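Novice: Please work from the sequences and hints to get the whole structure.
Chains as they are written, first to last, in the numbering used here: chain A, 44 to 222; chain B, 44 to 222.
It should be emphasised that the hints constitute simulated quantities derived from the structure, not laboratory data.
All values reported here derive from a predicted model rather than from experimental measurement.
Watch out, some of these pointers could steer you wrong.
Any copy will do: because identical chains look the same in the list, a pair fits if it lies in one copy or spans two.
Keeping only pairs whose Cα atoms sit at most 16 Å apart, straight-line, the calculated EDC-like set for lysine to aspartate or glutamate is [unchecked claim]: (1) K98 / E131; (2) K93 / E203; (3) K81 / E119; (4) K98 / D187; (5) K81 / E116; (6) K93 / E182; (7) K166 / E131; (8) K98 / E177; (9) K188 / E102; (10) K93 / D204; (11) K45 / E131; (12) K98 / E172; (13) K188 / E60; (14) K45 / E55; (15) K166 / E177; (16) K93 / E177; (17) K98 / E175; (18) K93 / E206.
There are 2 protein chains.
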Amino acid sequence: MKFCPDCGAATERRIPEDDDRERDVCSVCATIHYHNPKVIVGCIPQHNGKILMCKRAIEPRYGLWTLPAGFMENGETTAEGAARETWEEAAAIAEEPVLYRIFDVPHISQVYMFYRCGVQGGKFGVGPESLETELLLPEDIPWDKLAFPVVRELLREYLEDCEEGHFPVRHSVISYGRR
Amino acid sequence: MKFCPDCGAATERRIPEDDDRERDVCSVCATIHYHNPKVIVGCIPQHNGKILMCKRAIEPRYGLWTLPAGFMENGETTAEGAARETWEEAAAIAEEPVLYRIFDVPHISQVYMFYRCGVQGGKFGVGPESLETELLLPEDIPWDKLAFPVVRELLREYLEDCEEGHFPVRHSVISYGRR
Numbered sequence: 044m045k046f047c048p049d050c051g052a053a054t055e056r057r058i059p060e061d062d063d064r065e066r067d068v069c070s071v072c073a074t075i076h077y078h079n080p081k082v083i084v085g086c087i088p089q090h091n092g093k094i095l096m097c098k099r100a101i102e103p104r105y106g107l108w109t110l111p112a113g114f115m116e117n118g119e120t121t122a123e124g125a126a127r128e129t130w131e132e133a134a135a136i137a138e139e140p141v142l143y144r145i146f147d148v149p150h151i152s153q154v155y156m157f158y159r160c161g162v163q164g165g166k167f168g169v170g171p172e173s174l175e176t177e178l179l180l181p182e183d184i185p186w187d188k189l190a191f192p193v194v195r196e197l198l199r200e201y202l203e204d205c206e207e208g209h210f211p212v213r214h215s216v217i218s219y220g221r222r
Numbered sequence: 044m045k046f047c048p049d050c051g052a053a054t055e056r057r058i059p060e061d062d063d064r065e066r067d068v069c070s071v072c073a074t075i076h077y078h079n080p081k082v083i084v085g086c087i088p089q090h091n092g093k094i095l096m097c098k099r100a101i102e103p104r105y106g107l108w109t110l111p112a113g114f115m116e117n118g119e120t121t122a123e124g125a126a127r128e129t130w131e132e133a134a135a136i137a138e139e140p141v142l143y144r145i146f147d148v149p150h151i152s153q154v155y156m157f158y159r160c161g162v163q164g165g166k167f168g169v170g171p172e173s174l175e176t177e178l179l180l181p182e183d184i185p186w187d188k189l190a191f192p193v194v195r196e197l198l199r200e201y202l203e204d205c206e207e208g209h210f211p212v213r214h215s216v217i218s219y220g221r222r
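Specialist: Printed below as a string of structure tokens:
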């Protein structure tokens, strides 16, 4: 941030009074502009023992496989956001989403919240951010072509939980190296 | 937002190409500025069957009782944020925080994440945002002087779970009226 979104004057990085970390502070109107972590919401859509996955048509990780997920929007719940992303990326209607997995990814200031869900009618398509989408049997998951570490971790645990038939809400911190 | 934080030119509200909702878009550099939900992190600090609560010294809800909680900061985990707030508001060190409760509050674009924790050494004090803090027995909780609906819901469930000795991660949507 270089300019104040409220008045257009230059901002400066400094520690405001009664605070203990640097913020963007307007040099004219003195408004303090905070920046906070973002929430990524997504689904593990399951149908007849297969998982709906998407091959990314966008950077980063173009051409690699992921689960439908993206930035949570203002005014929606985490479940609504996860269902929206499933619709946008895989043209599938998320059925009965249930919160399943939370990851903290502090070095990029993100919190991931993933839902388990069904795929209404088993129907899906290819959204504009996907090259292709597919309902994959566990043995067909392209482990060496996954887009993100959270996706690998999530799928590994999910398949274990499927064998147990038990899906506790899990939470952990992911600390993959800064780039 | 009225001005572009990147270049200082006026922004306009419009739906960018390939999008489906209005954003703040710079009229000069065309940067799209997204606004996303914020995460509130907090603790239910427990010591010898008592809960550490804070009487608010700030608006909103000045003078009403709450649990230590506040906006998650960039670069920290949800657990670190919850512990930081417990330190800032009640000068207590959160011991072994475990994720316990998630609330979606969509009409104010917030997600709450609360941790159960102990109070190291049973020591606490009064942070600058609190008028007073107290370790309260369940029967001494001021139910008619609580600051927020989420605090009421959280305490009610927590006390029930304490009786059961069982603390599943809970998740729900809170839709208290828009003000």
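Novice: Now tell me if each hint is right for this structure.
Specialist: Against the structure, the hints come out as follows:
1. K98 / E131: within (13 Å within a copy, 44 Å between copies)
2. K93 / E203: Result: close within a single copy only, 14 Å intra versus 38 Å inter.
3. K81 / E119: both (14 Å within a copy, 12 Å between copies)
4. K98 / D187: This pair counts as within: shortest intra-copy Cα distance 13 Å, inter-copy 53 Å.
5. K81 / E116: both (10 Å within a copy, 10 Å between copies)
6. K93 / E182: within (10 Å within a copy, 50 Å between copies)
7. K166 / E131: Intra 13 Å, inter 50 Å, cutoff 16 Å: intra-copy only.
8. K98 / E177: Cα proximity of K98 and E177: one copy only (9 Å, versus 53 Å across).
9. K188 / E102: Within one copy only: 14 Å inside, 50 Å across.
10. K93 / D204: Answer is within: at 14 Å inside a copy they meet the 16 Å cutoff, but 36 Å across does not.
11. K45 / E131: So K45 and E131 fail the 16 Å test inside a copy (33 Å) and across (29 Å) alike.
12. K98 / E172: within (9 Å within a copy, 48 Å between copies)
13. K188 / E60: For K188 and E60, neither the intra-copy (49 Å) nor the inter-copy (30 Å) Cα distance is at most 16 Å.
14. K45 / E55: within (7 Å within a copy, 18 Å between copies)
15. K166 / E177: So K166 and E177 pass the 16 Å test inside one copy only (11 Å; across, 55 Å).
16. K93 / E177: within (9 Å within a copy, 52 Å between copies)
17. K98 / E175: Answer is within: at 5 Å inside a copy they meet the 16 Å cutoff, but 54 Å across does not.
18. K93 / E206: So K93 and E206 pass the 16 Å test inside one copy only (13 Å; across, 40 Å).
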